[in-house]
Each structure stands twice: as C-alpha cells, then as structure tokens.
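S.K.: Next come the chains, spelled out residue by residue.
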Amino acid sequence: MADADGAHETRIVTEFLRARPDDSWTMEAARTHNRAYQSLEQAFAMGRPAIVEAVTASVLRGKGGAGFGTGQKWSFLPKDSFPRYLCVNGDEGEPCTFKDHMLIERDPHQLLEGIIISAYAVETELAFVYVRGEFALGAERIGQAIRDAYAQGYLGKNILGSGFNLDVVLHRGAGCYIAGDETGLLSSLEGERAMPRIKPPFPAAQGVYAAPTIVNNVETISTVPHIVRRGADWYNSMGGGKSTGTRIFSVSGHVERPGNYEVELHNTTFRDLIFGLAGGVRDGRSVKFFVPGGASSPWLVPEHLDAPLDMDYVQGELKSMLGSGAVMVFDETTDPLLIAWRLAKFFAHESCGKCTPCREGSGWIEKVLYRMSHGQGRPEDLDLLLSFGNNIVPGLNAPFAQTTICALGPSTMSPVVSLDRWFRDEITERMRRDEERRDTLDVVPA
Amino acid sequence: MGLTDTDRGRAQEIIARYPHPKSALLPLLHLAQDRDGWVTPDAMVEIAALLDLTPALVLGVCSFYSMLKREPVGRLVVSVCTNVSCMVNGGSDLFEELRARYAADPDVLVEEVECIAHCDRAPAFQVNYDFHGPADADGAAGVIGQYQRGDLVARTISGTSPAAVS
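So the sequence lines, in the order shown, correspond to chains A and B.
Each residue of the first sequence is one higher than the last, beginning at 0 in numbering that gives the first Met the number 0.
Each residue of the second sequence is one higher than the last, beginning at 0 in numbering that gives the first Met the number 0.
Do not rely on the hints blindly, as some may be mistaken.
As the list claims (entries may be wrong) - Here are some chain B residues pointing at chain A (derived, C-beta under 7 Å): (1) R16; (2) P18; (3) H19; (4) K21; (5) S22; (6) L24; (7) W37; (8) L58; (9) F63; (10) S65; (11) M66; (12) V83; (13) A116; (14) R154; (15) G158.
Keep in mind the hints are simulated off the structure, nothing from the lab.
Idealized CB from N, CA, C, for every residue including glycine.
Go ahead and model the full structure; you've got the sequences and the hints to work with.
M.R.: Right, dumping it as structure tokens:
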C-alpha cells in the first residue's frame, strides 16, 4: 500500500472488508476466506481475567471519540452485580465520520465476534447493538449476521460448549446525534428521548435499566478479536506512547481521494494521511485549515500537518483532539466563517435541550455566525461570541471545561474558538468592510 | 389506521426481546411508520397501550427523533446532506434544487439532513435510507426516477427492507 511518500495503511479491522469487497459481510465468506469466529475458542480457553488483562495491556482506547482505556472501563464494573449489559455504540453521527458505517455494513461478523468475546469478558448474557437509524443496510446486514450466528451456535445457549450464554439484540435508532453519547444512548435504548445523564454514576456502575453497563464503540469492539488472537504485545508494538495500534481515519472535504484509511497511530502524520493516502488537495490547491477529529475538535492549520496522529500529542500540544477520527480538509478558497456557521447549525439542531447553556447558547452561536457569514456581521461579533461562549466553556481553553451534562455543549464553541485562534484578523477586517458596505447598500437583513 | 393483528403479533415479539418493555418504543414507532407511511396519532395511542405508557410520553419521544414523521410524507423521503463536507462539494445547491423540483409532488419529500456518514461520496443523499451520491440535481432526479418507476426498489419510509414488511 506504500505510495511515493511512504505513507501506508496498516489494515487490521479493515483488512478483510478490503480484500472481499463483494461479499465480506456474508457468513460464508467470513468463515471461508477469513478467520471469523475462530478467536472464540481461544477466548473461552483464556478465561475472563486473561482477556481483560490482554485488552488492558494492549492499551486499546475507545475509538468513538473520548479515547478512554477499554480495559480500564471494563474493570470499573462492580464485582458480583448482575444482571449487567454490553451496549455497542453504532450511532455514528459526528460530522464527517464514516468508519463505523463501513464496519457495520461490510464486516458485521468481525463486530459480532468482538461482541461475543467482550460480553464473555465482562460477564453479560445480553448485548445490544445500537445502530444509527439511517444505516438501513447496515442494520439489515448485522441483523442477518446475528441470525446466522444463532444458526451456527455462535450465539444462544452454551456457545461452542463453553457454558457461556449470550443473546444479542439489534436496536435501531431513529435519527438523533446525541444518542451517540454514551449516556444518551442508554436513555434512547430505554425508550426515552436520547438525553444524556449526569455522571457519576458512570454507566459501568449504573447504566441501562440502572444495571452495570459497558458502552463501547463499533471499531473498538471490532478490534478485540484481533487482540485476543495475536496478543497485547503485537497490538501495542504498533504506534507509541498511549496511542497504540491503528485507527481508521475518515478523510473528506477538498481531497483527491476521500475515504477511510486505517493507519498506525503515533507513527503516521496528518500529512501522510491527507497527502500520502487521500491524494492531497484537489486542483493543485493548498490546505487552508483542517478539522482533525470531527466537528467537536478545534481546527488545525498547515503548520500542523507534520504532527503525529497521537491522541495525547494532539490534545496536549495542539489543544485539539483526534476525536472520532474525522479529518475534514478545506482548501484556500474556503470561507472559514461559512464552515463555522454550518457546524454551529449542526450543534444547534442536535442540542437535546436538557442543559440551558447548550440549548440557548448553540442557537445564539448559530444566529451570530449566520449573520457574520452572510454579509451582516459586525466587527465586535467575534468577541460577542467569545463572551457568551465563556458561559458554556468557562475559560475557553482546550481541553474544554463544561457547564453542561455532556460534551455537546462545549463542542458548540469549537468552531468559534478556532476562528479566534487562526482567523481573527481576517474576520475582524472583513466584518469592518461588511459594515461599511452595508451603510451604502440596500441589503435585506438576515 | 392503527396497528393490525399481524403488527400486534410482531409487537409482542419485539417487546419480548427487552428486559423492560419500554425499550420497545423506538422499534414499535418504526413498525407503525412502516405500516402507515407515518406515525399516526392512533398508532401512538395503541403503542402507549401496548407498553403501558401515556400517549403524551409516546408523542414526546416520537417528536424527538428526526426519522419519525408525524404527518404524511408521501412514498419517497429524499434526505440530502448539507453538512460541511457535502456543503463544499455542492450539497447545499443539491438540496435547494431538489426541493424546488419536487415541491409540488406529494409523493416525494426532500429534506435537509445532518451528516449521514457518506462523506467519501459527497454530495451524498439517501432515498428511503438507501445511500446515493455523489450527484448533481439531474443525477439525483435520475435516481429518484428509478425508484418512482420501480427500477430500484425503495425501502419503507422507516428504512426497513421491503421483504421485512408483509
């Protein structure tokens, strides 16, 4: 896969679906041409503590956005408290993230094998797969995979003679970004509005139906069979620091070859990803700015292209985050105000309304950014945004503090903080010009 | 029109999957929408009775989720993404043009949606939750025409495959 610049993919969870584009989702192909379900006997032979230990030692971290240690999360379950549940988060909704979409549609058996091993490790007999409502084909494929797995004895009672029982229930969402929040997902699964819940109690102590619950992302769970099969040392020999193994990055925007690329963390840079793999910016243009980890992450500029894809580096040094792995690239013709407004509109639309700073703030941010991006701005508007944004994100410093139950609140300020960080002078000058011009033109107010 | 006997049987199967019946609320709302093309007030009352909830609570949940329609929307829902990666690739124009083109067609609802995780095919859109794109307005209208003529088989309004609803 190496290209001229030496950028290459390291395919682990995407290996099979890339190798068999026409039938990777079928039980037959997955068993004949891949090792589907072959890690189960190994897992049952290892026993629960050894699996948890391997996952912890691998330094596998959640691949949905927050990057929390998976083994550590599992270890928070209170001892001897049953029933408990595993919920797999397939409600991928962070703008420009499309990796779980691919994994669910194209390798559901890998996901299911991960679910069986993880459920066994955390001692639950009931797992839910929450699939984003709009992923109709994905729901169909994972639904078929579940039925086939029951038929083959990989699900149900006494799986492969291990004495372990597991039922898996497919649960479709119905159109809602915040159901992808860990606790929003639990509310939604319980038949409520998908409103996040205050933590603590954390889901591992009190999750769905107030029982201990583990919520893990699709890509995270899809990685588990590989760690069981090849060992923690193999996994953490890739990457470096606390960013081990691989992650799938969804690259989109003004790039030549938008798509999902699975690369080694830490040893790969944004430049490798954007230029080496995604083919660089279209039409010979240059990067104006890029969003490194979904709409919630503060933007970066060309001087950061050689930064490593390392979760702690991006957070600590660049005051942003790798988040959901959605890298959006914008060329020099892009109006940053328009992008900021559209992202603000997204957050305003998806705010669940539970916490006042987010419910009210997201709407006002959108309104002010609208007028700024549509010729109606005022020179003091950026400061106005920062002023009321300070009530949502006290201090306005990344990583963001928050006055709301979930991270959607502070995320609403991400585009604004980015504008202030990289484009302040450009915007202030433009607002001044817009204001002068408005005095001489007959402009309809927005 | 509310739930039929067949629906009621399927509803009981769905409820039995969950440790608590209320978890069946979203699946039952999808079921009702599959049947009627939208979630009717009668269906909400029936679902409330099945789950021992108040109709107000069912409405409260139903109105929170964007895929659940509380008025008739026709046969095809065309969801056009205008979030940033689609926007910079023509998604906003695609939405405006399609909306204008089908404004008078009661059978086609063109709606603006948030990111549908298909950004490598921007501008992306869905027809009854089948993914399509990239396309301009003429290309998208061509795809919609294929569904209208039956050359492509549309999912239900709730995104269920036609074979699953009988």
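S.K.: Are there hints from earlier that the structure breaks, and if so, what are their numbers?
M.R.: When the structure is compared with the hints, numbers 7, 8 turn out to be violated.
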